[in-house]
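Counting with the UniProt record's numbering, you get residues 1 to 634 for the letters of the sequence shown.
No lab work stands behind these hints, which were simulated from the structure alone.
Note that CB positions come from ideal geometry on N, CA and C, so glycine has one too.
Among the clues, some could well be false.
What the hints assert, rightly or not - Here are the computed lysine-lysine pairs in the PhoX-like style, where the Cα-Cα straight-line distance is at most 25 angstroms:
{"#": "1", "residue 1": "K283", "residue 2": "K424"}
{"#": "2", "residue 1": "K315", "residue 2": "K378"}
{"#": "3", "residue 1": "K497", "residue 2": "K286"}
{"#": "4", "residue 1": "K505", "residue 2": "K615"}
{"#": "5", "residue 1": "K283", "residue 2": "K451"}
{"#": "6", "residue 1": "K315", "residue 2": "K343"}
{"#": "7", "residue 1": "K508", "residue 2": "K424"}
{"#": "8", "residue 1": "K184", "residue 2": "K315"}
{"#": "9", "residue 1": "K505", "residue 2": "K286"}
{"#": "10", "residue 1": "K256", "residue 2": "K229"}
Unchecked claim - With beta-carbon atoms standing in for the labels, derived distance ranges:
{"#": "11", "residue 1": "P552", "residue 2": "R582", "range": "41 to 51 angstroms"}
{"#": "12", "residue 1": "D559", "residue 2": "K508", "range": "17 to 27 angstroms"}
{"#": "13", "residue 1": "V495", "residue 2": "E100", "range": "23 to 33 angstroms"}
{"#": "14", "residue 1": "E100", "residue 2": "I587", "range": "25 to 35 angstroms"}
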Amino acid sequence: MPHFRSIFSKFKSPNKSLSAFTSSSSLQYLRANASTSGSHFSSLISDFIQKQPNNANLSKFPSGSWLKYFSLRGYSRGPVRSCVDLVRRFSSEAERESIEYDVVIIGAGPAGLSAAIRLKQMCREKGVDLSVCVVEKGAEVGAHILSGNVFEPRALDELIPTWKEDEAPICVPVTSDKFQFLTKNRAFSLPSPFNNEGNFVISLSQLVRWMGMKAEELGVEIYPGFAAKEVLYDRTDAVVGIRTNDMGVAKDGSKKDNFQLGVELRGRITLLAEGCRGSISEKLIKKYSLREKVNAQHQTYALGIKEVWEIDEDKHDPGAVLHTLGWPLNHKTYGGSFLYHMKDRQISIGLVVALNYQNPFLNPYEEFQKLKRHPVIKELLEGGTVVQYGARTLNEGGLQSVPYPVFPGGAIIGCSAGFLNVPKIKGTHTAMKSGMLAAEAAFDTLHGGLKMDVYWDSLRGSWIWEELYRARNYRPAFEHGLIPGLTLSALEHYVLKGRSPLTLKHGKPDHEATDVASLHTPIEYPKQDSLLSFDVPTSLHRSNTNHEHDQPAHLRLRDPKIPVEVNLKEYAAPESRYCPARVYEYIPDENNQMKLQINAQNCLHCKACDIKDPKQNIEWSVPEGGGGPGYSVM
1 MPHFRSIFSK FKSPNKSLSA FTSSSSLQYL RANASTSGSH FSSLISDFIQ KQPNNANLSK
61 FPSGSWLKYF SLRGYSRGPV RSCVDLVRRF SSEAERESIE YDVVIIGAGP AGLSAAIRLK
121 QMCREKGVDL SVCVVEKGAE VGAHILSGNV FEPRALDELI PTWKEDEAPI CVPVTSDKFQ
181 FLTKNRAFSL PSPFNNEGNF VISLSQLVRW MGMKAEELGV EIYPGFAAKE VLYDRTDAVV
241 GIRTNDMGVA KDGSKKDNFQ LGVELRGRIT LLAEGCRGSI SEKLIKKYSL REKVNAQHQT
301 YALGIKEVWE IDEDKHDPGA VLHTLGWPLN HKTYGGSFLY HMKDRQISIG LVVALNYQNP
361 FLNPYEEFQK LKRHPVIKEL LEGGTVVQYG ARTLNEGGLQ SVPYPVFPGG AIIGCSAGFL
421 NVPKIKGTHT AMKSGMLAAE AAFDTLHGGL KMDVYWDSLR GSWIWEELYR ARNYRPAFEH
481 GLIPGLTLSA LEHYVLKGRS PLTLKHGKPD HEATDVASLH TPIEYPKQDS LLSFDVPTSL
541 HRSNTNHEHD QPAHLRLRDP KIPVEVNLKE YAAPESRYCP ARVYEYIPDE NNQMKLQINA
601 QNCLHCKACD IKDPKQNIEW SVPEGGGGPG YSVM
């Protein structure tokens, strides 16, 4: 150890010793104060390991919790990352490392970070020390976070009452709230049902970054750049944590020079906050029959596509909010658009399309490009520039689709369970509250001897349940089209006020709703003008999406014959249209026969393919950690 300490003396730290660092702060300090080049730093570490061969496995360092943290947590830039890569190489063939925590949280989104913060708050309140870690597949906290977002601060008021004084990135109050019905060339004003007074226009990815800093201040360990790949079980089939995926594996399954084993993160309680259609969450919902346990219906989804623009100063109206229904979607397709004025001359504009649409020729990406040509939208965007592009799915099933959220060893929180309030078009506040309730249940389970099932009881007694109950009939009201949906939802909102004696049911699952192509006519979309509308490669570049090319595909076909024999022949290749990143393309093979090519490196992690494929033949799983989009203002 003395030689190792001399190496780290190269960092600017005249007043601190390594022993003073806590596991949650040491790497941040080293990263922030690095004063040596990556190559030189790597050579120092290499020299150290050669002289200390018995310590090549970092987990063997005495009292080395902070060093295990150093070996696990990856950064994308600088000498610290190069050191981490080097050390991983030395220990790549060692036994898989296992780190134990009291609570392991999967996903550093609003729900996961709210749970982590609340747990640490309760530890301080009760004088208890529980270890909490959050693992995040994005390269950094917030990199995979995309939302509208008109933010309702109700949950944040409860979680961090001093958020204004603490300079949370929430500074643009809603100043106007309009609702319009669009035809091809006109816009008709409707009474706004959203009641956004007291809400704020924000970037959710920026808010999540701030929440990550608040969590780390409380002692939460956050590991960005690592994807939860596999669930760990004990002998009773209860969940005891997760394993991150192995890194440095080539497409053919061989180990590359930078191969490293994934790490086991073991927790007494595991909370799943993966977001909409979380891959692990979906597996556990099926494994433990969590929908059947409470007679919940299937989940129903929508795809949201969004851009952030920078527009002319004289057109910018900070806090202005606009929602629309109607064009460019037909009356049988549920969905609508949003346009929010943010700060710094930026606006967010997007289109949400329910994935139970019937026409396999419909292309949500192209519908969004059409939207921007509407006179009301075009006038605002002309002269502006696109800052960022992205897409994600939303769960719209509401109360009817919420599964029992507790499984042996943990619970499901946030959008992984599905707490979006459809008529409000908001789910951040409910996701955060669900994380807080799960944290309180976890604390009481670990410290008070209760069971995690108290989380289910707390949910049903909370304002989340009250909101979802009142909103439960809005989404299924549109099952039979726009006009019946508007009529029933108006009755629910203005007359019954959510107290209808009936609870409507959802129709078919989204993948079953897709008609065969012979029942529809192909849709001719206008060519992009590169001023308001853009092709997919241009938009994809603006998402900062990046994956390591030489890795096993994270998009898998359960039956490789189905794309050509079923999807192409019967449904006219819908995967080439519902994907907003052109991941799926049909191209001729060497015999001039069409085959499906999967461009996995384009993937935005929206999961539309996992949801909408007519035969449920596509399985989305996590790629190497750190891959995917790199959102900063979404």
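Going through the hints against the structure:
| no. | hint | result |
| --- | --- | --- |
| 1 | K283 - K424 | violated (29 angstroms) |
| 2 | K315 - K378 | holds (12 angstroms) |
| 3 | K497 - K286 | violated (34 angstroms) |
| 4 | K505 - K615 | holds (23 angstroms) |
| 5 | K283 - K451 | holds (22 angstroms) |
| 6 | K315 - K343 | holds (13 angstroms) |
| 7 | K508 - K424 | holds (24 angstroms) |
| 8 | K184 - K315 | holds (22 angstroms) |
| 9 | K505 - K286 | holds (21 angstroms) |
| 10 | K256 - K229 | holds (19 angstroms) |
| 11 | P552 - R582: 41 to 51 angstroms | violated (21 angstroms) |
| 12 | D559 - K508: 17 to 27 angstroms | holds (22 angstroms) |
| 13 | V495 - E100: 23 to 33 angstroms | violated (55 angstroms) |
| 14 | E100 - I587: 25 to 35 angstroms | violated (48 angstroms) |
In summary, the structure is inconsistent with hints 1, 3, 11, 13 and 14 from the numbered list given earlier, while agreeing with the others.
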